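Residue numbers (my numbering), protein chains in the order written: chain A, 1 to 115; chain B, 116 to 226.
Read the hints as simulated data drawn from the structure, not as lab findings.
The structure displayed is predicted, hence computed values, not measured ones.
Even glycine gets a Cβ: it sits at the ideal position worked out from N, Cα and C.
None of the hints are false.
Now the in silico label distances, taken between C-beta atoms and shown as ranges: (1) A/Asn84 to B/Pro123: 26 to 36 angstroms; (2) A/Lys13 to B/Glu168: 38 to 48 angstroms; (3) B/Asn137 to A/Glu17: 33 to 43 angstroms; (4) A/Ser82 to B/Glu170: 43 to 53 angstroms; (5) B/Thr142 to A/Asp26: 26 to 36 angstroms; (6) B/Gln129 to A/Gly40: 24 to 34 angstroms; (7) A/Glu22 to B/Gly155: 13 to 23 angstroms; (8) B/Glu170 to A/Tyr10: 33 to 43 angstroms; (9) A/Ser8 to B/Ala196: 24 to 34 angstroms; (10) B/Glu130 to A/Asn84: 36 to 46 angstroms; (11) A/Glu69 to B/Thr192: 39 to 49 angstroms; (12) A/Lys18 to B/Ser139: 32 to 42 angstroms.
Covered stretches of chain B, as calculated for chain A (at least 3 residues, CB under 8 angstroms): (13) 153-166; (14) 196-207; (15) 213-221.
Chain residues, written in single-letter form:
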Amino acid sequence: DVKVTQSSRYLVKRTGEKVFLECVQDMDHENMFWYRQDPGLGLRLIYFSYDVKMKEKGDIPEGYSVSREKKERFSLILESASTNQTSMYLCASSFQGARAGVTIYFGEGSWLTVV
Amino acid sequence: SQQGEEDPQALSIQEGENATMNCSYKTSINNLQWYRQNSGRGLVHLILIRSNEREKHSGRLRVTLDTSKKSSSLLITASRAADTASYFCATELYNNNDMRFGAGTRLTVKP
Chain A
1 DVKVTQSSRY
11 LVKRTGEKVF
21 LECVQDMDHE
31 NMFWYRQDPG
41 LGLRLIYFSY
51 DVKMKEKGDI
61 PEGYSVSREK
71 KERFSLILES
81 ASTNQTSMYL
91 CASSFQGARA
101 GVTIYFGEGS
111 WLTVV
Chain B
116 SQQGEEDPQA
126 LSIQEGENAT
136 MNCSYKTSIN
146 NLQWYRQNSG
156 RGLVHLILIR
166 SNEREKHSGR
176 LRVTLDTSKK
186 SSSLLITASR
196 AADTASYFCA
206 TELYNNNDMR
216 FGAGTRLTVK
226 P
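Generate the whole structure from the sequences, applying the supplied hints.
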């Protein structure tokens, strides 16, 4: 079974702290994604990566950065956490293959509260 | 920007009834997928329909796609209390690898 593991399920951080959310997948997927989920807004794409060291901005990249040094690991970084970044963060991965139809596999989510 | 929009936002039915959820999208797509999310958990893939397909079945799930109207529907037949979850449509845009999700439909199936 495909496994996408997010390192922290629940985090509480202070305003201004630097926050790292880690994600690891074990299926040799090329694509990895970070989404943010808020009530009534659904999932919004923050960043995605289609290869090691490659990244593309999603719809809401402001206030976030990412790192992909190894194929299996994709990190989301909040340089200076703010209260409006309190949310559930979902990591996901997939094979590449536009037009072929690829399934995205999700982690269980990380609940971040910024106080 | 959000690509898919689900309708209704919330749906409450009795066990045994059918549940229909709709999804509309804005731009040309390669395929459309439906995902399920139990409360507080990650999303799980349910079914994929390609842009050249019109209907697809998987167990109690039936998905239709109308590319001329840029819309899809997910039908769950003979619903069960365990079907209670949020359901999301996701679109893979033409010439893109990234996926866009809608805001979801919250389905409650009462026993």
